[in-house]
Amino acid sequence: MTMLNALAAISILYVFFLFAVAFFAERAARRGRGNWLHTPIIYTLSLSIYCTAWTFYGAVGSAARNGFEYLTIYLGPSLVLIGWWWVLRKLVRIGRSQRITSVADLISSRYGKSNLLGVGVTLLAVVGTTPYIALQLQSVVLSVEVFSGAPDGMANNQPTALWVAVGLAIFTVIFGTRNLDANERHHGVVMAIAVEAIVKLAALLAVGIFVVWGISGGVGPVLDRIDASALGRWEVQGGRWAGLLFLSAAAFLCLPRMFQVMVVENDNDAQLRMAAWAFPLYLMLMSLFILPIAVVGLDVLPEGSNPDLFVLTVPLAFGQDGLAMLSFLGGFSSATSMVIVAAIALSTMVSNHIVMPLWLRFNETRVSVSGDVRNVVLVSRRVSIAGVLALGYLYYAQSGGGAALATIGLVAFTGVAQVLPALLGGIFWRGATRAGAFAGLTVGFLVWLYTLYLPSFGSGAFVPESWLETGPFGVMWLNPQALFGITGIDPLLHAVLWSFFLNTIAFFGVSLASFPSPLERLQGAQFVNVQQATGPRSWSQSGAQAEDLMVMAQRILGAADAQALFLREARRQGLDGHLPMTSPEFLEVLERELAGSVGAATAHAMIGQIVGGMSISVADLMAVADETAQMMETSARLEAQSRELTRTAAQLRAANDKLTRLSVQKDAFLSQISHELRTPMTSIRAFSEILRDTDGITREEQNRYASIIHDEAIRLTRLLDDLLDLSVLENGQVSLNIGQGVLSDVLDRAVAAALAHGDEQVLMIHRHRSREEVILNTDTERLSQVFINLIANARKYCDAGRPELSIHVEQIAGSVNVDFVDNGSGVAPEAQDVIFEKFARVSDQKAGGAGLGLAICRQIVSRLGGEISYLPGRGGAAFRVSLPLNQALAAQ
Amino acid sequence: MSGAPQGSPLFVERQTYRRRRLVDAARALPVLGLLLWLLPLLWAVPEEGPSASTTMIYIFSIWLGLPIVSGALVFAMRRLREPAVGDDT
Amino acid sequence: MAGHVLLIEDEPNIIEAIRFILSREGWRVDTHSNGVDAADVVRAKSPDVLILDVMLPGRSGYDILRDLRGAPDTEELPVLMLTARGQNKDREMAERAGASRFMTKPFSNAEVLDAVRSLTVTS
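Quick note, the sequences are listed as chains A, B and C, same order.
One point on numbering: in my numbering, the residue at position 703 of the first sequence is 703, and numbering is uninterrupted.
One point on numbering: in my numbering, the residue at position 55 of the second sequence is 55, and numbering is uninterrupted.
One point on numbering: in my numbering, the residue at position 14 of the third sequence is 14, and numbering is uninterrupted.
The shape of chain A in the complex, shown without the other chains (with noise of 0.2 Å):
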């Protein structure tokens, strides 16, 4: 008894322990700290799972009952690990880039989200995982009963077996549930399953190391027994050595323990790629002193020993007590991690595909509050957990243990397994369909029910004695154990081969009949192609889940926006960063905002494939909303181009007519130019040559035409002076000299200038002298060449009687307008619009100007600030100069 006390006493320190790893591990990756949760040695320690207890104490009972046939349950999963290029490498990618949280999510999201997939899926695990985990905590009771030295025998054990299976509810529950990501990693679980890993390792080569040399004395004696002992022949049947092979390859890859901690606790690669060689020397070094022990035990113990408990019973026959113990605890540790994670995998799976669906559709209302989903899954994931272990513990409680329990191993392989063509055929084969899927595994299923599982409850069970024999209802061919007359061989490998061909026969052919639905198709196409589809996305954090909706919404409302959103929002709930929490209020007003961009369906379907749970993968949206945004902005660049280039096409017209206007107004002005200048010139010319060459020209003569010439060559230089003048001023490059004057002054000058050649007609000019005491700051010697110019204009043109100018002077808001009028009749109307151009000579009277005065007049006004225009309708011709005040009003 006090062997007992103290393996309860190590149990529980032992528990503790797990407790602490698992505690300590979960509180690092919630702190970010958790980088080394995934390396790879830990990702393949916790492959280790596979070796349960059955693998643990019962390969050796299987190999003294059975010789190497045990081996095939290890070789099996080496091939697939060696093998990993093929399968496992696109599963782990699948797993990853889907999201997939179970087998029965990976199948039913590959068939189009089928959730009657999902449902078979899940029910065809807990009907092959259940007998398992009683496997397990018989396992447990046996070992304590070793120890305590009872019979054989469970009555006095069944509080073992409940309260180990109380216990491992309550790990599970508390490290299974814990955080309810995206993801269903579970650091914790890992981690402590890693350790059990090691632990039942070292607790096999201890004791296989303690039998070889301690008992046998080398490997050499050790290898002699062998070939010595009843087992010392290779006899295996062939059928079942390659059966098996097949079945523990095809399990490995469907049991849902295999798949939660190789497929959803996946991480990386890097973890698969070390796996791919480590775990297979893992199960090497497992199976490795698995016939010695075996061996010796047959030998040293006495007849009719459970050879499935020589791993303890051995040690213990040569009183290695602390070997023993090490022992339980190796198998302790199997029996245990096995448990935890096939009720996380069964857990996810109920709850996900039974539990959820029911509560949603009678709760549909409810469903708008998303907190309240969130406590739902966690119930329902921990009321599962409760289930499955209440579900394994009836399942030992009512099977009665012992040997019944022992066979149903390789029976829950098979049926697990059954999921295997349409898990196969949805990874590689984008024509397998939800219609072939169902088909294959129902077939399966029931082919495997019939044949392998009601039977394994012994005849009589489940399955009449008579059917066993001559088939039901006297039909031979549907006999369970012979179909269509197939007799003689290993009812298991009967039942494997039946259930994989018509399960595979039905799930091809169903598959070829069939068309897959728009979305079937597309998550077909993601999964066939999951290498080249984007790149692995962590979602381990929550962080990363605002990470992915800020790279959706700025693909969405461009990157400014997007920040300037978020940004608020973090502040909004308090944080110091750029994301903020993914609140419920914040992914309402995230999805009003994209609502706008890409309709509020969309929207909806985008964040909630983002923050989980809906059909459609995220890379497919992102594509689509990359197309979009893309197309977006192509045709707005190309409309901007086309405007562009409307813009720029008119501009150069513009500019082209503008040129030819600038070519023909330079010709016109070259022509007007050449014409002024060469008429008097014509005229010089003429009368030179008459004064040369013509004899007896009178002294009058002589006088009047060289004076002709002189009239003409000042004309000649009158004109070069303004078009010098002229174009000085157009190209801006005159200086003006700028200092004050009075107006009166100015104008003074400007009248005594323009009347001073006397010999044209006389011009009466009226002035009021008081309203011209005005200060000019100006330039007054170009003022009065202006004023000059409209005296003489008014001079020459004025075609009334008595010519006469007023000039009126009149100051008003900040200028002052000096009014020239006279009393002829004007401007015509239709010239009054070019007065000002050059050459814009209107009279037909023969001036002596080229025309270009007034033209003259206005570059210098406009230079000086100020305009001069024509005012119609004042009676005669009518100037306007107006010039600026505020200089003049400066210069008081």
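Do not rely on the hints blindly, as some may be mistaken.
[Stated by the list, open to error] Covered stretches of chain C, as calculated for chain A (at least 3 residues, CB under 8 Å): (1) 2-16; (2) 61-71.
[What the hints assert, rightly or not] Cβ-Cβ distance ranges computed for the label pairs, FRET-style: (3) B/ARG20 - A/GLN573: 29 to 37 Å; (4) C/ARG43 - A/ASN737: 53 to 61 Å; (5) C/SER46 - A/SER688: 32 to 40 Å; (6) C/GLU111 - A/ILE775: 35 to 43 Å; (7) C/PRO57 - A/SER642: 50 to 58 Å.
[Unchecked claim] In silico EDC-like pairs for lysine to aspartate or glutamate, Cα to Cα no more than 20 Å straight-line: (8) A/LYS796 - C/ASP90; (9) A/LYS666 - A/GLU730; (10) A/LYS666 - A/GLU804; (11) C/LYS89 - C/ASP114; (12) A/LYS658 - B/ASP24; (13) A/LYS666 - C/ASP90; (14) A/LYS90 - A/ASP269; (15) A/LYS796 - A/ASP667; (16) C/LYS45 - C/GLU76; (17) C/LYS89 - A/ASP667; (18) A/LYS658 - A/GLU730; (19) C/LYS45 - C/ASP30.
If you're looking for bench data, these hints aren't it; they were derived computationally from the structure.
Positions of the beta carbon are idealized from the N, C-alpha and C atoms, including for glycine.
Since the structure of chain A is already known, use the hints to place chains B and C on it.
Frame of chain A; chains B and C shown alone:
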């Protein structure tokens, strides 16, 4: 997707070529393992099978050899790692 | 031998110069200085040679010439065109309008005499 993707070269540079051959080896390895492990079935001479110790040494030798080769392939692949790995022949 | 010349020109100094040159050689010179009724004056005076300026007040010399060439009695009239615009296109326009000869101002007196003489000879 079946078939060579558009624009993929007919011939690839040396490193890529090496890498693809490594992948070929990784694919062939489980087949080799399976054949080797099925081989003992053919040994079974009627009445007298091979001795258990011989078989055990044979099977475990393969079991040690396969992971070593597999690990060597993984390391070789990682050495030749390239940014984008196409999954084709 | 000298004939009758009609000069249509608006610059008084140029009129005086040409009149002086031609009359000293025995030509009878009539002048007119407005473009508007120039064609009528030509018909009325029916000169042996017409000297026509291009830039005339009221109507351009080209228009007047085209008018004259369109009428039967002035169709063949020798016309010497004078222009102060020295561009090639002015020469072309003069030829197209039907000018017999074309001179650019300023000209030498001898040129004018030669031109008038040659026009009367060929006609």
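Which of the listed hints are not met by the structure?
Per hint list: 2, 3, 6, 8, 10, 11, 12 and 15 violated.
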